[in-house]
Every structure is written in C-alpha cells, then in structure tokens.
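Participant: Below, each chain spelled out in residue letters.
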Amino acid sequence: MSRKLQRVTAAGLALVSAFALVACGGSGSGDASRDDAKEITLTFSDDQNDAYKTIAKQYTKDTGVKVNIMEVPYADLSTKIANAAKANDLPDVARVPQVNPVWTDQLEDLTGIAEKHGAMKNLIKRNPEGKILTIASDMTAVGLFLNTSLFDKAGVAYPDPNGSWTWEEFIDAVKKVQAATGAKYGMVMDASSHRERSFLYQFGSKGVQQKSDGTWALDDKAKTALEFLKSIDDDRVMPKSVWASNEDPSALFKSGQVAAYYSGNWQIADFNKSITSFKWKSVIMPASPTRATNVGTNYMVALSGSGKKFLDWFYSRKNYTAFCVQGNYLPALNGITPKYANHQEDMQLYMDEIKKSDQAVLSHQVMTQLDLALKGSVLPSQDPMKEETVKYLSGEQDVDATIKNMNKLFTKYYKVEK
Amino acid sequence: MSSAISQAKDAPVRSSNSVWARIKAHGPATIMLWFLVICFAFPVFWLILSSFKGADELFAVPMSFFPRKWTTAGYAEAWSRIDFARYFGNTAVVAIITTVLTVMVSAMTGYALAKYDYWWTRLFFIGILLTTMLPTEVIMSPSFIVVRDIGLYNSLAGIIVPSIITATGIFMFRQYFLTVPDEMMQAARVDGCSEMQIFLRIMLPISKPCIVTLAIFSFQWRWNDYIWPLLILNDSKRFTLQVALRTLVGAEKIDWSVLLPASVISMIPLVLIFMFCQKYIVGSDVDAAFKG
Amino acid sequence: MAKTKGRPKEQHPNRLKRQIAAPLILIAPAIVLYLIFFIWPAAIGFFYSFTNYKGLSKYKIVGLSNYSALLADHDFWSSLLRTFEYIICSVPLNVCLSLLAAVLVTNRKAIGRTLARTLFFIPWLVSPIITGLIWRWMFGEGFGIVNQVIQGFGGHPLRWATDSNLAFVVLVLAGVWAGMAFNMLLFITALENVQQSLYEAASLDGANAWQRFVHITLPGIAPTTFMVVLLGTIGGIKEFAMVQSLNGGGPGTSNRLVVQYIYETGFSNSRIGYASAASMVLLVILVIVSLIQMWLNRRNGGR
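Protein chains in written order, with this note's numbering: chain D, 1363 to 1780; chain W, 80 to 371; chain S, 73 to 375.
So here's chain D without its partners, still in its complex pose (with noise of 0.2 Å):
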C-alpha cells in the first residue's frame, strides 16, 4: 500500500509541476495595438447558421489573415468581455449586445467604414467627440407569426402584406380559430421589453422618452396599452406562464396549440426547421393605430487595427450580403437585398414592416442604450420595464403604480453617470 502511495504522491508532484509550466506559458497573448496582425481575434455569440464561422473563414482565404473563433454564450459575453479588458486581453473585433464603457476608450474610430458602406442612419450613433464606434452587425425587427393552418380550418381571415387590421380585430380572430378548432391559446408573446415597446408603440404610444425637466416617463397612450395587455394575459387568450416564469413561448407556438405568436424574425430559421406539423406564415402586425416595430440590433467593434481591417473587408458589398444570407439576418446598410434561401416573402415583408413602421420609435430603445453607453453609462442588461409589467400582470400592482414605478426606474436606468 505504501509504495503505492508513494508513487501517488510522485504522480501528483509532477502534476503539479507540469501545470506550473504551463502557467508560465499560458500567459502573454498578442498585442492587440498591431495593425498588420497574421491573426485576429473574433469574439462573438449566437451564430446563426454558423455565419460568423463562414464569414471567417473566408476572411483567412481572402486576405490570408488567421481568425481566431472566440464563440461565448449570449448571457456571458458582456462579462466576459469586460473581464478580458481587466486583464488587457480584449478581441481584435467583437460582435456585442452593448457597448460598455469598461472598455469605449479602446475602441477604433470606425466612421470613415460605416460612410464608406452605407450604415443605416437609424441605427448609428455618434459619441460626444462625434465619431461612430460601432456599426449594427445586423438587424432584427419584432413581427407575428400565424399558425395559418389554425386559420384556414377555423375559415378566418388574415390581412395581407397591403391590408391592416387592429389589435381588437386581431384578438377577434385569434378567439374565433380557439372555438373553431379548439386551440389551447389565441396568442403568445415573448416576455420581452423589446417585444413589449413595439406593443407599446402600435398603441399610439412614443414609449419610454426624456421629458423636459430630464426625467423618463411613458405617456397615457402606454397606460391604455398595458391595460389591454393585461386583459388578454388570462390564461385563455395568451398563457400567464409565459411572462409570470418564462415558459419558453416558442415552444408552445411549435406545439401547434396557439394561433399566433408575437416575436421576431429570429425565429424564421428555427421554424423553418423545426415545424412540419403545419404551415405558418409571417404577417403584418396589428396597428391600434400605429404602424410600428421595435429594431434589435448588436454591434461590431474593433478594438485593434487589424480588426478594424477587418471591419472594412465585412461591411463590403459581397461579404455582407452573403453573410446575412448565411445567417438569415436582416441586412443594416443601406441598398443590400439579399436572397434568403428559405422563407424569402417573411423576409421581405419583415423589411417592408421596418420601412412602414412609425419611423420615430423604430429604433428608439436601442439608440437610447446606445447613446448612454457611449456616455459612459453602465446599462444593466434588462431595463426596468419587464419586472414592473411581470408584477402588474400578475397582480401585485396596478396599472398606475406600474407606471410610476417605471418611470422612476427608468429616470434613474437613464441617468448618465460620469
């Protein structure tokens, strides 16, 4: 036993040894100031259609330069990112949900290649020098799905790309396909604050905006919205879990028991995969009487030369287009119109609901992030509005008290802090 254990010890004091060594060569990784780099780091997350990898990859046969995949779960990246800078150990060019001003200061002046290709003016904000440091990498719209073979047994009625219907009549006849064919729900909705603004702005609503004396507040028209919002969370139109505890509502769409879904053009390549029970279909969204959609976005930011050359080389014509082909995204230059191999109508009426939509509020959530950020705000990843909407639909407050919760929250979520 003992010589046994002797050679344990043994084996466990070269173990240690041996990761001593590679403690010592594990660190130094490369400058990130080089502009002539034969490798760059990429960091992301959430490929789609593994767009980010093809993109990649071609970037190494065009140009010779090796990538470097950093693929990071979606729910860490913004930690891991501001970790990496801690440690002066940032990517060449990363794709982000939100700048953050651990690291702004490092970021490449990317102005010269967002006029060069056309950035979509909407989604482009200069920092207070005036510069662009980030370009959308690309872009997603709120929008409905109909599980249209719902509507067709049920004999009722959709609007096409060019007619309009109301959130009464929409809710009519999401109740008329449950009693024709016995649908476990009329609707769901992703319980988002994202989802939940383009709600807000089909109701007249301008949303969350800066008033005067510098504080945030919803107008009267958000009250009329949440209250409808409230009268259709009842557990028969629309299923309480889903926001009261995040019941994954994509799930419930594909089970083929709920009539409609209030999501976005995300979605489009995962149904295309994963529903065959029966046939669904993009349409345009209620208006009551707004016309509108809320814009996603995430950003592409080059903290180095090199990834700024990179930069350059993606936003061309060619490369962008065939990378949101790839990846079934929605192009955010200006004149792109690609071919999407799958589901090319939703696709296009997704950019014709953009083109439509209230022009005022279309990308207003995510500039106004935007805008903080580059002000040097930390912005926590969920904004008020969420939380306070879960506590009104579930009972725990009414609907003024909502409101002047969020607005509270929101002036203190949108106080630039220096």
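Any given hint could be a false lead.
[Claimed, not checked] Okay, the calculated beta carbon distance ranges per label pair:
| # | chain 1 | residue 1 | chain 2 | residue 2 | range |
| --- | --- | --- | --- | --- | --- |
| 1 | S | 184 | D | 1412 | 43 to 49 Å |
| 2 | S | 238 | D | 1419 | 36 to 42 Å |
| 3 | D | 1428 | S | 160 | 51 to 57 Å |
| 4 | W | 330 | D | 1713 | 31 to 37 Å |
Note that these hints are calculated values from the structure, not bench results. Where a beta carbon is used, it is the ideal one built from N, C-alpha and C, also for glycine.
Got chain D sorted already, so can you dock chains W and S onto it with the hints?
Facilitator: Frame of chain D; chains W and S shown alone:
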C-alpha cells in the same frame, strides 16, 4: 452486489416454501429500493427519450411518451456543431489534475483538523467552512482580479489552482477521520511511527472510500464548471464542455432539438467513470482495518 | 489524558513539538490557497462594499450607504427569506431520502443494489442548467408531462409555473432530486464505516432492525449527518444555476433566491459595490448559521 447475488445463488430452490421465504426476505427492501429508483431515474429517462424526438415532435400535442419516430438527427447535428472530442479532452485534463490535487490537499487538511485539536486548527476549520459559503457567482469579480494579479489569467493553472481547495472535501475527510479511533494513532506512536508516517501509512490507506467519494465529487464539479473557465481562458479551443454546451442557448431562443442530445452526450463520460469507480467505494477493507 | 500524564516527563516536549510540526505541514497548502483565493478576494469584496464600483476604473468611496440602502431593500430581504424557506423544506427532505436510499442500497436483502446505486447517481451527474431544463419541461403548464398525466386521470392541470407556491414545490423537488446522490454517497461511506461487530452484538441481544438503526446506525453516522445538514444548508443558500434555468426565480420575483439577487444586481445591473455589500451581509448570516449548527452539534457530543 456480490453478496446479494451470492446469497441468491446459495439459497437452494427446493420447494415453493423456500421461494416464498426468499420473497419475504428480499421483497420489501427490493420493492422500496426500486420504487425510489424509478422516481429518481424518471426525469433522466424522459430527457433521453426526448433527445430521440425530432424538432417537430418535441413540442407536439398530444405529447408522445415514446418517440413516434426515433431519430438521431439531433445527435448528428450536436456532434457536428460541437467538437466533443476536443472539449472532452480539455475538460478531462482540468478535471483529472484538479481532482488529484483536491484529494491530496483535502486528505492532508481534513486529517490534521480531525486529529490535532488545537485552537488554530479549529479556527482554520471555521475559516474553511466560510470558503464554501460564498458562492462563486458572488465573489467572482474580486476573484478574477486576484487570478489576474498572480499571473494565472489565460492558463490552465488559472482554472485549476483556485478550485483545489474545497470545504466539502476537507470537511468530508475531517468527519471521516473523526470516526477513526484515536487508539490507532496511539498504537502507531508506541510502535515508533512518526506523525507523517502515521498519516501516509495508516490513515491515508484506510480512507480509501473517502478518497474515491471525493474524487467522484470533485470530478463532477469540474466537469460541470462553467463560468470560471469561460472567464479565465481566452482561447475557445481550450474551453471546457459546459461552455461549448451553453453556446447552444441563444439570446432569444434555445435550440432544444440539439441541446438535448448534446446534454446527453456530455453526460456519458461521467456516467461511465462513475460506473467504473463505484465498485471501489464498497469499503470492505475499512472493516479489515478496524478489525486488524 | 491520563495516559499522557503518566508518560515520562522528558518525552513530553519532543512529542508536543512534533505534533505542531505535523499538522502545520499537513494544512500548509490549504492555508496558502485559502489566503490567496479566499481571504484576498473577500478583502477586495469587502472594500468594494464601501464603494459605488461598477467595473470602471473610476469609483467613489461611499461609506456605509450601500449597507443602509440594503437594509431598506425589500427585494433583498424577501429573496433571503425565500432562501431560508427553501432550505427548511429541502434539507430535511433531502436528508431523509438520501439516508433511505443509502440504507436500501447497503441492505444485503435488496436485489439489484449496484444498478440501483448507479441509477440513483445519474441525476447528480446532470449539470445544474440541464436539471433546471428537465424539470421546467416536466412541469410545464401547457405541455408538461406532469399536467398531461394529471389530466389523464381526470384532474385539472395545476399551475406549476404561475402559482408561486407550486413553483416553489417544483424548485424544492428539483433541488432534492439533483442533490440526493451526493448525500447518499456520503451516507453509504458512513454506513459502511459503522463497525459490524456492534450490529452482531445487538442482534445477539435481540434488537430488531429498527432498534439497531436507531441505536447503532444513527449514532454511528452522526458526524456524517451533521456534515450533510451543514453542507445541505450551505448548498441551499448557494443554489443558483439550477433556479436560473428552472424558472428564473419566477413567477415574477417571488422565488428569487439570494444568490440570484446578488448576481443580478452585481453583474446584470453592474452594481458591483452594492452587490458586494449584499454578499458581506450574506456572509455574516452564513457564519451565524454555521456557528449555531456547530454549537448544536458540539452540545450533542459531536465534533
């Protein structure tokens, strides 16, 4: 295991009477055991069944218990999307090295805390208990700064060294050695053994069940580690399994039909290791040590 | 003690010296690691708790204002309360089930023990996030198998996700399910360490199985039971990843446990200073809990 089977073999099946006697002897315990097993195994069974359903069937209504159409498409896609061989390798290296070190440090510390009852060992014991108390998620920000400042950022050592010390391991060994009679130490001292010899030659061997148990625990903890490898390593080729697994959970949606098979695959090595190790947990030589 | 006194005097100092050297050598690695990876970060965290640190290089020292804000923070206290409710429900259930399982798989009369042991163990091998996903599915309100079964028997589907108490039940069940094997293995080790001769003697004295269990097994495994309860309590306070993926502390924030609260404040909301203050308060509470448990254990004659 062996005793149950040998007992069954030994019992001669001569008449229905003796069969009845056997049922009476084995029945209640067996039924209770397997009732409990079924309760505990069901969720995993359900996970495995679901992983063989196609993306369209996962959320179909009415729900199917067994897949209507067994498909391994999800497994194929999971295997092609995640480079399992690489991540298994990375994770195994981290898990094995950390486990060896954890067991060594825990055994030494736990023994000292159990058998040398001074004010400073007691103080350290309380201090150690505190280490488990603050969860990684809570103290992550300062810990990262420490790891960076001692130069372990972006190295395997950066994930291994901070994980070596676990209060559970030290606690386990301490509680285990408390049950070992002090007389054994006294007897060894009388025989002229030094304190270190007592630990290495007598105490460590008899703590084999504890060693195996902690080894399994430690291996599982490190196998399922997520946030620390993600933050410390800056090369996705060196990422560990859970990090790769979680890239399947996106911002707005989860790709269930790939995530489920990927989860099942990620568990297989752990299950195999456990099945291989569990025969060593049977502590027959513990009795021998006490009796001898 | 009497023995030591009886020894020749000249041997005494030597022995004492040796006994300080040996434990010091044995715990030295742990002490070093402990100082570097616990005391140092904890000190940094303690410092942060007096600042408005948000991850930026610029921050202000704000004195005790984080702590005073925390005292008035309803969300913090309610998450703490829910955490204690979680522990009070899950720890005893976990101890009973894991002890039962350990007794059954070490019972020579039960058939198929090795296979059973492996099957018991598999839930523990499942990573916390997958655990949360599995249970969220089984108890899904619309399409979960549990509600399907209830409806199959003619019952009404239960509101597992939207009723905060039912959601709490699911949380406890999932936690016990995931943690049981860990404790079971500790109990198995302890049970096999109870001296067989005691059982033999008791059998000769005519003690039945239950009496043997109560008078020999339970005292024999007492140190392990103490450890299981203490580790279970600490583990309950630390529960995070599983809750996160099970229901995110829902419905609403009604089942949000304290670590999730701290994580959300500190990382999602970047209020590291404030979250550090909450961590320090949590640490103090944890110290008190474990001191009480150790004191109880000592009073009952354990160590």
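Participant: Return the numbers of the hints above that this structure violates; sort them in rising order.
Facilitator: Violated: hints 2 and 4.
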